[in-house]
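Engineer: Since chain A is already given, all that's left is putting chain B on it; use the hints.
2 protein chains.
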Amino acid sequence: MSGNNIFYAQSGGVTAVINASACGVIETARSYPELGKVYAGRNGIIGALREELIDTSLESVDAIAALRHTPSGAFGSCRYKLKGIEENRAEYERLIEVFRAHAIGYFFYNGGGDSQDTANKVSQFSKSMDYPITCIGIPKTVDNDLPITDNCPGFGSVAKYVAVSIREAGLDVASMCESSTKVFVLEVMGRHAGWIAGAAGLAAEQEGDAPHVIVFPEIPFDKSAFLAKVKSSVDKYGYCAIVVSEGAHYEDGTFLADQGTRDAFGHAQLGGVAPTLANMVKDELGYKYHWAVSDYLQRAARHIASGTDVEQAYAMGKAAVEFAVAGKNAVMPTIVRESSAPYKWRIGEANLGDVANVEKKMPRDFITEDGFGITASAREYFAPLILGEDYPPYHNGLPDYARLQKTLAAKKLPAWQEK
Amino acid sequence: MSGNNIFYAQSGGVTAVINASACGVIETARSYPELGKVYAGRNGIIGALREELIDTSLESVDAIAALRHTPSGAFGSCRYKLKGIEENRAEYERLIEVFRAHAIGYFFYNGGGDSQDTANKVSQFSKSMDYPITCIGIPKTVDNDLPITDNCPGFGSVAKYVAVSIREAGLDVASMCESSTKVFVLEVMGRHAGWIAGAAGLAAEQEGDAPHVIVFPEIPFDKSAFLAKVKSSVDKYGYCAIVVSEGAHYEDGTFLADQGTRDAFGHAQLGGVAPTLANMVKDELGYKYHWAVSDYLQRAARHIASGTDVEQAYAMGKAAVEFAVAGKNAVMPTIVRESSAPYKWRIGEANLGDVANVEKKMPRDFITEDGFGITASAREYFAPLILGEDYPPYHNGLPDYARLQKTLAAKKLPAWQEK
Numbered sequence: 001m002s003g004n005n006i007f008y009a010q011s012g013g014v015t016a017v018i019n020a021s022a023c024g025v026i027e028t029a030r031s032y033p034e035l036g037k038v039y040a041g042r043n044g045i046i047g048a049l050r051e052e053l054i055d056t057s058l059e060s061v062d063a064i065a066a067l068r069h070t071p072s073g074a075f076g077s078c079r080y081k082l083k084g085i086e087e088n089r090a091e092y093e094r095l096i097e098v099f100r101a102h103a104i105g106y107f108f109y110n111g112g113g114d115s116q117d118t119a120n121k122v123s124q125f126s127k128s129m130d131y132p133i134t135c136i137g138i139p140k141t142v143d144n145d146l147p148i149t150d151n152c153p154g155f156g157s158v159a160k161y162v163a164v165s166i167r168e169a170g171l172d173v174a175s176m177c178e179s180s181t182k183v184f185v186l187e188v189m190g191r192h193a194g195w196i197a198g199a200a201g202l203a204a205e206q207e208g209d210a211p212h213v214i215v216f217p218e219i220p221f222d223k224s225a226f227l228a229k230v231k232s233s234v235d236k237y238g239y240c241a242i243v244v245s246e247g248a249h250y251e252d253g254t255f256l257a258d259q260g261t262r263d264a265f266g267h268a269q270l271g272g273v274a275p276t277l278a279n280m281v282k283d284e285l286g287y288k289y290h291w292a293v294s295d296y297l298q299r300a301a302r303h304i305a306s307g308t309d310v311e312q313a314y315a316m317g318k319a320a321v322e323f324a325v326a327g328k329n330a331v332m333p334t335i336v337r338e339s340s341a342p343y344k345w346r347i348g349e350a351n352l353g354d355v356a357n358v359e360k361k362m363p364r365d366f367i368t369e370d371g372f373g374i375t376a377s378a379r380e381y382f383a384p385l386i387l388g389e390d391y392p393p394y395h396n397g398l399p400d401y402a403r404l405q406k407t408l409a410a411k412k413l414p415a416w417q418e419k
Numbered sequence: 001m002s003g004n005n006i007f008y009a010q011s012g013g014v015t016a017v018i019n020a021s022a023c024g025v026i027e028t029a030r031s032y033p034e035l036g037k038v039y040a041g042r043n044g045i046i047g048a049l050r051e052e053l054i055d056t057s058l059e060s061v062d063a064i065a066a067l068r069h070t071p072s073g074a075f076g077s078c079r080y081k082l083k084g085i086e087e088n089r090a091e092y093e094r095l096i097e098v099f100r101a102h103a104i105g106y107f108f109y110n111g112g113g114d115s116q117d118t119a120n121k122v123s124q125f126s127k128s129m130d131y132p133i134t135c136i137g138i139p140k141t142v143d144n145d146l147p148i149t150d151n152c153p154g155f156g157s158v159a160k161y162v163a164v165s166i167r168e169a170g171l172d173v174a175s176m177c178e179s180s181t182k183v184f185v186l187e188v189m190g191r192h193a194g195w196i197a198g199a200a201g202l203a204a205e206q207e208g209d210a211p212h213v214i215v216f217p218e219i220p221f222d223k224s225a226f227l228a229k230v231k232s233s234v235d236k237y238g239y240c241a242i243v244v245s246e247g248a249h250y251e252d253g254t255f256l257a258d259q260g261t262r263d264a265f266g267h268a269q270l271g272g273v274a275p276t277l278a279n280m281v282k283d284e285l286g287y288k289y290h291w292a293v294s295d296y297l298q299r300a301a302r303h304i305a306s307g308t309d310v311e312q313a314y315a316m317g318k319a320a321v322e323f324a325v326a327g328k329n330a331v332m333p334t335i336v337r338e339s340s341a342p343y344k345w346r347i348g349e350a351n352l353g354d355v356a357n358v359e360k361k362m363p364r365d366f367i368t369e370d371g372f373g374i375t376a377s378a379r380e381y382f383a384p385l386i387l388g389e390d391y392p393p394y395h396n397g398l399p400d401y402a403r404l405q406k407t408l409a410a411k412k413l414p415a416w417q418e419k
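For the protein sequence lines, the chains are A and B, in the order given. Everything in the first sequence is counted per the numbering used here, starting at 1 for the first residue and increasing by one. Everything in the second sequence is counted per the numbering used here, starting at 1 for the first residue and increasing by one.
Chain A extracted, bound-state conformation (with noise of 0.2 Å):
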C-alpha cells in the first residue's frame, strides 16, 4: 500500500456536472475511515506536476455539497496531455514523486479518452517506480463519445439544454416568420460525433415542431440536399430551425467553418458554422435569418441540467472511491443501460485500457435516411439522459454556485520545471 490519500484531478473541457462528481468523490471518500485526504488538482495534471494540491478537507460539507450544484470544474482543469512514457519519461516520475511526498495512494481522473489512457499509463508506470498507485478514472465529456459507458455523464445536460433552446428559439421563430425571420440556425458542440446535435432532435416531439433540419458530423455536407431541405420547411411550416454541429464537415473532410487554430491536442478549434450556414441560406434561399452560437454556454448551463445526468455524475464519483477501497485498480464505473421506458440504469465496469482513445461514434441508424433528423432508435437512446430537473439554488435571482477555499497543501519537493 502506498499510502492512503487520494489525487482527484478535472481534465478537458469542464461540464455542468463534473463538480457533482467531485462531490460524489470528496463525499464517498470521507464515509471511509481507511481513506486520508482528497488532494484535488490544481487545474487538473497540471497541479500535480507543479505539486499543486488542493487540500479539500478544509472545505467545510456545506461547500462540498455545494459542488453538485455548480458546473465547471471547481479546482480547474487543464487541456494538457502527457506524452507517452517514452517521450517524456520524466514527467511521469514527477507524478510518482510527488504522489510519494504527499503519501497518495489512489489517482481518480474524471476525464474523457485521453486521460483515461494517462491513467492507464500511471497506474502501469507506478508498479515500475515501486510506488503503485491505484487508478480509477471517471468518465466526463459532453461528447458522449466514450466507448463501453451508455452514455457520459456531462452529456445529459448538454442534450437538454440544446433540445430546450431549440424549443424556444423555435417558438420564437414561428412566432415572428409571417414578416421577419424564417430561418433560424443554432450551432452546437460535437467535433466528430453528432451526439449534441441529435439529442436537440428530442424537442420535435409533433409534426412541425424545432427543429427541422440537423446537420451531422457523421453525414458529409450535401449543400443542394440541405438548400431543399431548408426550403420544404419553410414552404410546409414557414419557418425551419437548424441545428448544426460544430464539426459538420463536407465529403473531403473540410469543416464548414475551421478557424485554422489548433489546441495542445492538435485539434482544429472550431466554431462559426451557423453563420457560414445562415449566409448559405441567404444567398440562394433569400431568406432573412438569425442564428446562435452557444459555445460555452451549453456546456456550463448548470441553472437546467439533467437530474438523469446529476444523478449519474454523483454516482460515477461514488462508485470511483467503491472501486479503489474494494481493491479495483485500473478500471472506471461505467453506466449500463437496463431498460430505456422506463429508464433503468446500473453502474458497470470497464477497463482503462478499453477506454483510451477509442471515440464512439453515434450508430448510422439513429440518423434519418435523408441525413437530416433523427430516428426512432436515437429518441429512445437519448430520452432518458434528458429527464428531470434538477435546480440550483438561487441567491439575489442568481444561481448560488459553490466558492471554494482552494487552500494549498504545503510543497514538499523542489520546483517542476516545466518545459
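Hints were generated in silico from the structure; no laboratory data involved. The structure presented is a predicted model; accordingly, all values stated were derived computationally and were not measured. Since no wrong hints were added, every one of them can be taken at face value.
Pairs involving identical chains hold if they fit within one copy or between any two copies, as the list cannot separate such chains.
Listed next, the in silico DSS-like pairs over lysine-lysine satisfying Cα-Cα at most 25 Å (straight line):
1) K406 - K81
2) K81 - K288
3) K344 - K360
4) K361 - K223
5) K81 - K127
6) K83 - K288
Structural biologist: Positioned in the frame of chain A, the structure of chain B alone reads:
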C-alpha cells in the same frame, strides 16, 4: 359604444413573457360579463388587416393558463409598422372596417414604442371614422427602452438569462484558463441601449467574478482602452469574461458588426460583434478565445424567466383590460417602482402619446467611469428585476409549452389587397 369584443395583437420581437400578458388579457376579459370575445391577431396587426382573427374563446381554460409559462408570441407577431395616416389612410380604414365587422370596440396592442404610436393613431383615427375604438397599449420589449414605465415586461427575463449565462460561462473559463481559453465573449441584444448588457453585470458579485468587461452602446468603443482592460483582467484573474452589446459602435457611429442588412423599420440588422471582438483580442493580445452569440435564445428563454417579470407581464395584461372597462383610452399601464429593497412596485398609467417613439437610454451614472462596468445605482435598479424563478412545467424532460388551436373567426369582408 362600438362593440364589446376585443382585438389583441402582439407586435415586434417577441419575449419570454409576452404570452403572460396575453394570458392576463384573456383571463381577465373572461371574468367581465360585459366584455365579449377576445380575438387575437394572427401574426399581429397583419391579422387585423387580413381579417385573420384567432377566436380565443375556443381555447380551453388550461390552454390559456399555459400561455403564462410559454415564450414567444403564441398568436404570431410581426415586424410591420403602419405608416402615418396621411401616407396610408387605406390601412387605417381597413382596420376600422374589420373592427366594425366583428363588433370590436377594444384594441390592446402589446409591443414597444412603434406599437404604442400605432395604437395612439388608431384611437384618434377611429373617432374620425365614427367608430371609436378604445386603444390600450401593453408594454413589451426586451430592450427596456420604453419611457415612463420603470421597466418593460420581457426585460427582466432576458436580464436574468444573460446574468446566469455569463456567470456559468465565466466559471467555465475560470476553470480552463491556466492552459486553454483565457478570453470569452458573450454577445447580447441591445441595439441602441445597453440595458441587457448592463444587467449581465449583476453576475459579478465579488471581486474577480465574471463579467470583467462590458461593452455598452452608450460608450463609443475605444479599442486601446478595451484591450488594456482585457489584459489587466487576464493578468489579475487569469481570464477575462466579456459581455458586449450588439449595438457597440465606434465614435463615428459605425457598429462593430454591421451586417449591412436592414429590417422593415429601416433598423440595421446586427450580429457578429462577439467574433469581431474575440479576433481583436487574439490579434492584439494573443489570448486563446471562445465566443457565444445567444441571439433569440436570450429572449425566448422562458425556462429561466424572472419571476418578477412573469408577474409584471401578467399584471400589465390584466391592467389593460381593467383600464378599458374603467373607460380609459389611449393609455398604457406602467410599472411604478416604489422601493428597490425590498422591491415594491405598483401599476401606473401613461398616455400613449407620451410613450410613442421615445427611446429611453441607460443613465450615464449606471456605467462606471471607465465605461466597462456597472455602478451601484445600476445594481440597485437591475437587482429586483431578475428576482424569483418561475419554472414552466416539464414533460419528457422538456418544457411543456402551450399548443393552441388558433381557430380563425369566419371572414365577413373581401380580402385585403396587400401592396
